[in-house]
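Asker: Going line by line, the protein sequences match chains A and B. So that you can map any letter, position 40 of the first sequence is 40 in the numbering used here, and since no number is skipped, the others follow by simple counting. One rule links them: number in the numbering used here = place in the second sequence (from 1) + 360.
If you're looking for bench data, these hints aren't it; they were derived computationally from the structure. All values derive from a computational prediction rather than experimental measurement. Misleading hints may appear alongside valid ones.
Unchecked claim - Below, simulated PhoX-like cross-link-like pairs (lysine-lysine); rule was C-alpha separation at most 25 Å, straight line: (1) B:Lys701 <-> B:Lys715; (2) A:Lys4 <-> A:Lys155; (3) A:Lys341 <-> A:Lys355; (4) B:Lys364 <-> B:Lys515; (5) A:Lys355 <-> B:Lys442; (6) A:Lys341 <-> B:Lys364; (7) A:Lys82 <-> A:Lys155; (8) B:Lys442 <-> A:Lys4; (9) B:Lys442 <-> B:Lys515.
There are 2 protein chains.
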Amino acid sequence: MTQKLRPGDMIGVLGSGQLGRMIAMAAARLGLRTHIYCPDPGPAFDVCAQFTVAAYDDEEALAAFADSVGVVSYEFENVPAKTAAFLAARRPVRPGARALATSQDRFAEKTFLNGIGVATAPFAAVDSIDDLRAAVEQLGRPSILKTRRMGYDGKGQILIRETQDLGEAFQAVGCAPSILEGFVPFAREVSVIGARGLDGSFAAYDVCENEHEDHILAHTMVPARVSEAAALAATDMAGHIAAELDYVGVITVEMFLVEDGMEQRIVVNEIAPRVHNSGHWTLDGAVTSQFEQHVRAICGWPLGSPRRHGRIEMRNLIGAQGNDWERLLSQPGLCLHLYGKHEARPRRKMGHWTKVTPEG
Amino acid sequence: MTQKLRPGDMIGVLGSGQLGRMIAMAAARLGLRTHIYCPDPGPAFDVCAQFTVAAYDDEEALAAFADSVGVVSYEFENVPAKTAAFLAARRPVRPGARALATSQDRFAEKTFLNGIGVATAPFAAVDSIDDLRAAVEQLGRPSILKTRRMGYDGKGQILIRETQDLGEAFQAVGCAPSILEGFVPFAREVSVIGARGLDGSFAAYDVCENEHEDHILAHTMVPARVSEAAALAATDMAGHIAAELDYVGVITVEMFLVEDGMEQRIVVNEIAPRVHNSGHWTLDGAVTSQFEQHVRAICGWPLGSPRRHGRIEMRNLIGAQGNDWERLLSQPGLCLHLYGKHEARPRRKMGHWTKVTPEG
Chain A
1 MTQKLRPGDM
11 IGVLGSGQLG
21 RMIAMAAARL
31 GLRTHIYCPD
41 PGPAFDVCAQ
51 FTVAAYDDEE
61 ALAAFADSVG
71 VVSYEFENVP
81 AKTAAFLAAR
91 RPVRPGARAL
101 ATSQDRFAEK
111 TFLNGIGVAT
121 APFAAVDSID
131 DLRAAVEQLG
141 RPSILKTRRM
151 GYDGKGQILI
161 RETQDLGEAF
171 QAVGCAPSIL
181 EGFVPFAREV
191 SVIGARGLDG
201 SFAAYDVCEN
211 EHEDHILAHT
221 MVPARVSEAA
231 ALAATDMAGH
241 IAAELDYVGV
251 ITVEMFLVED
261 GMEQRIVVNE
271 IAPRVHNSGH
281 WTLDGAVTSQ
291 FEQHVRAICG
301 WPLGSPRRHG
311 RIEMRNLIGA
321 QGNDWERLLS
331 QPGLCLHLYG
341 KHEARPRRKM
351 GHWTKVTPEG
Chain B
361 MTQKLRPGDM
371 IGVLGSGQLG
381 RMIAMAAARL
391 GLRTHIYCPD
401 PGPAFDVCAQ
411 FTVAAYDDEE
421 ALAAFADSVG
431 VVSYEFENVP
441 AKTAAFLAAR
451 RPVRPGARAL
461 ATSQDRFAEK
471 TFLNGIGVAT
481 APFAAVDSID
491 DLRAAVEQLG
501 RPSILKTRRM
511 GYDGKGQILI
521 RETQDLGEAF
531 QAVGCAPSIL
541 EGFVPFAREV
551 SVIGARGLDG
561 SFAAYDVCEN
571 EHEDHILAHT
581 MVPARVSEAA
591 ALAATDMAGH
601 IAAELDYVGV
611 ITVEMFLVED
621 GMEQRIVVNE
631 IAPRVHNSGH
641 WTLDGAVTSQ
651 FEQHVRAICG
661 WPLGSPRRHG
671 RIEMRNLIGA
681 QGNDWERLLS
691 QPGLCLHLYG
701 KHEARPRRKM
711 GHWTKVTPEG
């Protein structure tokens, strides 16, 4: 199995959304071609050299896909384990099975993190209504009940307030295997986007400060309003996590910044084993974009410089906000990105813009 | 005929080389799709939503191409006039027929420039060996004999030195309709890359300083080593030329900087009615790339900011220099671009790199 790719080679990406699209464009910049595999056509299909529309359990299609590429990656963490294993028997899958398994299950993820000395919210597994009652007894209210698997953008979770009936709460998450997370009184949400190369090298962008609206990322600012010590701790933590997962590619670690008096402390919320919305600013505001960084890593190439060009503001365009493109195009110094989605459905990510302001 | 496009619309581009490729990627960033039309498959095919392989005089294919797009543009100035006219009857062709006709013929180009008060090298039409003798008598030696049409990267031109036999020189350009250009004792070669919108607005990048090797661009530095007055004059000149051509899109004006004692003076060498190699640095070093700027202009959208992120160095990778990709990937802070060409033929542009150094 080839470990390193060469220009002209094909990379494989599972998923046809905007992340796959931006990975494919970054690959093209470096003279690579991209094969997108997805059960549904999506915006990535418009910019790739090849695409396959097939189910994630279609072994014939998966085998042909694997044959056509030098490495397999993905734009979303919920790749079925069986799909990943089938592909990994044929081509390197980067990031690997351990990163996928860990990030797909909130319980496994938090257990792993605590196991390597990384702080998380307190948590307890919830497999039944009795578990839930015991967990709420232990962790108190408010706390958050989340399904262990397949949750994103606020899906599969419910806040357990003082008045919340626990039976209804467990129904609300479909009585699925879940975890209860104790409430973290955070001052801000931040993320570290780093990359780990095949040779174990690690490079991270400056810490991003994120604001969510309705559980969806709305706004990112870089640098984050964190102390130098907290920024260093956050970045070291991401590097430590990546090393422990024997990770190859871009990794995103979402974190809470907790302020205890003068002290700032980092609590990890979750890991995304992929490029991330809070790193979209790197397309316009950094020497190397997160997408190129990911491509470099999965190809076994040296990582690029994560240096910023200035102070960063990034804003997502959700649903009907994408219709505002004409006004946004005329804003001085604003870099607009639209994802080529045909329909501006509510809560759908239609695009984003970045503004880079020279520093100093 | 629609004047303005909307996200989701298709733009048409004639030519499948690296410039078409980078235009297609810039269009995709803005949610547009690209249809590439070319007699030969090329690197642009890997990143476009649709492509057509057909001759430039295949009217059936051209009509279908026009039907599929909202606007037609091109990556090279030698689009046959008949092709442009056929397409222009169906869809807006931007830049338009006047820009093409002017830039395709060195005699027409210099006559146009002098006519609007822009200095060029002295020149004379050469249609016969007798014309050539008379022209050399008038303009002296050294001077340069160039075919009126289809010359680029030093093709179709010969230097008339003291010892050059004129009969052989005229043979060397195939006895084609040509012009003789008087020698300009320039200090440096510079270019202005500007864009003119459908509304007549004009925006230019800072003046680029260019070094050629073997008649092919090797190296661009921004800002150019020119006086503030000369830079302003050069930029004004490009805006004036674009306005006189009723131009829509990115225009490149290649110029000589002549030093007369303390004075710096601009002499225009030629116009390229398109994005240009000396503007490739804008992909990494400017708020808006020349490719996005071109797409914005041809779509009837507002122009973006041409602000630089720092001091720029860009170097082309010609022929076997492209094989050096692995070493270049590991240079700190260097942005590498490879064009996805399979074979590193001599004099072939395989890629480029840009380095952006923070200023001040």
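Asker: Take the hints in turn and mark each one as holding or not.
Answerer: Consistency of the hints with the structure:
no. : hint                  : verdict
1   : B:Lys701 <-> B:Lys715 : holds, 22 Å
2   : A:Lys4 <-> A:Lys155   : violated, 37 Å
3   : A:Lys341 <-> A:Lys355 : holds, 22 Å
4   : B:Lys364 <-> B:Lys515 : violated, 38 Å
5   : A:Lys355 <-> B:Lys442 : violated, 43 Å
6   : A:Lys341 <-> B:Lys364 : holds, 19 Å
7   : A:Lys82 <-> A:Lys155  : holds, 24 Å
8   : B:Lys442 <-> A:Lys4   : violated, 48 Å
9   : B:Lys442 <-> B:Lys515 : holds, 24 Å
Going down the numbered hints, you'll see the structure goes against 2, 4, 5 and 8, while the others check out.
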